[in-house]
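Participant: This is what each chain is made of:
There are 2 protein chains.
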Amino acid sequence: MSDSVKYLLDETRIPKHWYNLVADLPSPPPPVLHPGTLKPVGPDDLAPLFPMSLIMQEVSRDREIEIPEPVRDVYRQWRPSPLFRARRLEKVLQTPARIYYKYEGVSPVGSHKPNTAVAQAFYNREAGVRKITTETGAGQWGSSLAFAGALFGIEVLVFMVRVSYNQKPYRRIFMETFGARCVASPSMETNYGRSVLAHTPDSNGSLGIAISEAVEVAASRDDTKYALGSVLNHVLLHQTVIGQEAIAQMEMANDYPDIIVGCTGGGSNFAGIAFPFIGAGLRGGRKARIIAVEPAACPSLTRGVYAYDFGDTGRMTPLTKMYTLGSSFMPPGFHAGGLRYHGMAPLVSHLKELGIIEARAPQQVSCFEAGVLFARAEGIVPAPEANHAVKGAIDEAVRCKEEGVSKAILFNLCGHGHFDMQAYQDYFAGTLVDSTYSDAELAMALAGLPSVPD
Amino acid sequence: MSDSVKYLLDETRIPKHWYNLVADLPSPPPPVLHPGTLKPVGPDDLAPLFPMSLIMQEVSRDREIEIPEPVRDVYRQWRPSPLFRARRLEKVLQTPARIYYKYEGVSPVGSHKPNTAVAQAFYNREAGVRKITTETGAGQWGSSLAFAGALFGIEVLVFMVRVSYNQKPYRRIFMETFGARCVASPSMETNYGRSVLAHTPDSNGSLGIAISEAVEVAASRDDTKYALGSVLNHVLLHQTVIGQEAIAQMEMANDYPDIIVGCTGGGSNFAGIAFPFIGAGLRGGRKARIIAVEPAACPSLTRGVYAYDFGDTGRMTPLTKMYTLGSSFMPPGFHAGGLRYHGMAPLVSHLKELGIIEARAPQQVSCFEAGVLFARAEGIVPAPEANHAVKGAIDEAVRCKEEGVSKAILFNLCGHGHFDMQAYQDYFAGTLVDSTYSDAELAMALAGLPSVPD
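As they're listed, the protein sequences go chains U and E. All residue numbers for the first sequence refer to the working numbering, where the first residue is 866 and numbers rise by one. All residue numbers for the second sequence refer to the working numbering, where the first residue is 866 and numbers rise by one.
In isolation and in its complexed conformation, chain U is listed as follows (with noise of 0.2 Å):
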């Protein structure tokens, strides 16, 4: 028998259509919100934002949505990506559980984002768009639009968190490479940038306050758009081609979960891989328990609230309903930047709410000893958000061990590590630290939540 074992589709097998989970939800997700007159948005209110295309797709109530020949075509590059079975990690373990694991670390930036900003990319330059702006925090999302903004001739303007922007030199030169501009912020480029920096001239930043400057420029600027790599629906989306990939993969490895794992920062790679999994349940096939595996500093499932809230510090964009730590909550630094967002998507947050999914937010240092034990025995160092993923999967295979049950579990490794190097260096070096918070900590940043009305 093989020590490992790849399952991968040939590239006729990449989804022609993306799967939209409202079609087969039992109730829809609550409606966004206008910040000013608290009714439902209508398309015309994020027409500055977005191409109309993508507008449909963020109200769309279709099942599928047909994935344009020219995106198949970007996608042709790299998907359909491999799904593994982690043989060696199950003998590492001594574990009955048979482990798998679907690798999106094999796009050209080395993450699930281009899955998405090459979708938006090709909407944006259909509706004649030449510039978008966005923010990243670790960098994977612009490294993704820089990307797809280089293939599809967009200009790209990226607004990194400060604190992302100087510690990780590399993941901006990586974008610059590509031909995007990155900038710093807050910076004063943007008149909310200017307006923090006015008070707080040494803020680290934000993607909070990164998605208020990027939006800014977008909104005042007839040639520029918006794009986000995470929380709405649309770009949950395009993610889609993860999960539905995988269950093709899983019947040719004759298994189907019982487990799956996700982590979660706005919520997009673990909507990639569980949405098609629910929606087949929802259907009538057989369901899986569903984790998402939040970081614990920074745990909007687990330890916010259910409710109307904006999307950015700036208090530009619309509200919406969502499992939220408060749009001025600030997380620490801690090394998994793509999972440092106040709030959660809409759309896995409903799924909470209806007790579909569960949640956990283990503590970092936790998640990078499974990354390193991951590593050691499948030869893939993945990124500190993955390792939430890691984390979560090697837990439930222990368990499997304790119970003596043999149960099929399937995560999604979304990314590697290579330019996450400083945060291995910090853990073996053992300076990582582990954050909790009181619930009055917690409290401060969620008094200040927009009154909504029932």
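Hints were generated in silico from the structure; no laboratory data involved. Do not rely on the hints blindly, as some may be mistaken.
The list cannot tell twin chains apart, which means a pair is met if one copy fits it or any two copies do.
As the list claims (entries may be wrong) - Subject to a maximum C-alpha distance of 25 Å in a straight line, what follows is the list of computed SDA-like cross-link-like pairs (lysine to any residue):
id: 1; residue 1: Lys-881; residue 2: Ala-1118
id: 2; residue 1: Lys-956; residue 2: Lys-996
id: 3; residue 1: Lys-871; residue 2: His-882
id: 4; residue 1: Lys-996; residue 2: Ile-920
With chain U held as given, fit chain E onto it using these hints.
Facilitator: Same frame as chain U, now just chain E:
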């Protein structure tokens, strides 16, 4: 028609044999000599350094050498690697040429090096070896052996050229994540390292010095062997999986390369792509032009001499006949660390001598220019080493345009540049410098060549 086309083989098409070019050569390469007796070395002379199975491969004249199933099993994690038609690059260049590239950056460490690291780790484990020492320049090889060591349960000790150790801490942490130990060379751990430091306390190190240290450790300890990442026949042999797959993939594309391009440091990735095609030509098949691209800063093939020389600075290795700049040659600290070797693989040197291959040596700034052009067109940021192959391929494609002919150009994109962003930063900042040597400068290191009668 598709913008970019990937030719992917299923995993049953991973080669079952390595291809040994020696079987098809009109004359064998000159023998390796013992540095004391100047007589050809026998297997026993090499036994302190390598397991006998690898020594037998080193001297084999069999055309095919079977790949053990446990090695193919690990290959399966990323092999067969994709071959791409670079349609977007062709469009940018407005060339009638058909450009193809084989992409070895899909391996877990991001280069072709694991093709041999896995094989070497396997044979060492079979021989009961507990520990392997090696050297590394840029870190690609050290990472690969660290990866392979983790999978086969072998301790790995890497002597990393000090200038790279300091410039590339993330490469070191990458190796440590796989469980290897990495020390800066020259080190205080060997007699040779101490002797270098005694004379030159601030030595930057070199591959030649690091090889001496690794060889010294292996030669003096019973449980420890040595592994080399390039140059030797058996290392080049293991890389032939690249070209064998490429032959099948060019068939899928209904095309055949008129020109094959690879970058050369020690010669292994070049051999990997080129040898199977060269062999097919020698056996009566269609012949391609084969171009080796080396850095102007370390021009062994283009400006070295074909002579017996040591493989290391400490003059501990056997003597091999090769193109060499002299084992005391100290290349400047340019950014393609993997190409900073004073010599060239004996087999590649022999091919140059036989007139079967040609060589050129562009400057590094022009190579980065080619690499950035490639990244923006194809979405992959190449390693600085690979940029030399990109440069060679683009030059040929431009010539096709000038001459109005459509040729098929195949090059080996041997690795991605995720760990090399400092080099790109220097390129964008305009601080990269080109290297020139006068003939007199090059003659200095050559004056120290050992005296070997014809």
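Participant: Now look at each hint and say whether the structure bears it out.
Facilitator: Results of checking the hints against the structure:
no.	hint	in the structure
1	Lys-881 - Ala-1118	both (22 Å within a copy, 24 Å between copies)
2	Lys-956 - Lys-996	between (50 Å within a copy, 22 Å between copies)
3	Lys-871 - His-882	both (24 Å within a copy, 21 Å between copies)
4	Lys-996 - Ile-920	within (18 Å within a copy, 58 Å between copies)
The structure is consistent with each of the numbered hints, conforming to all of them.
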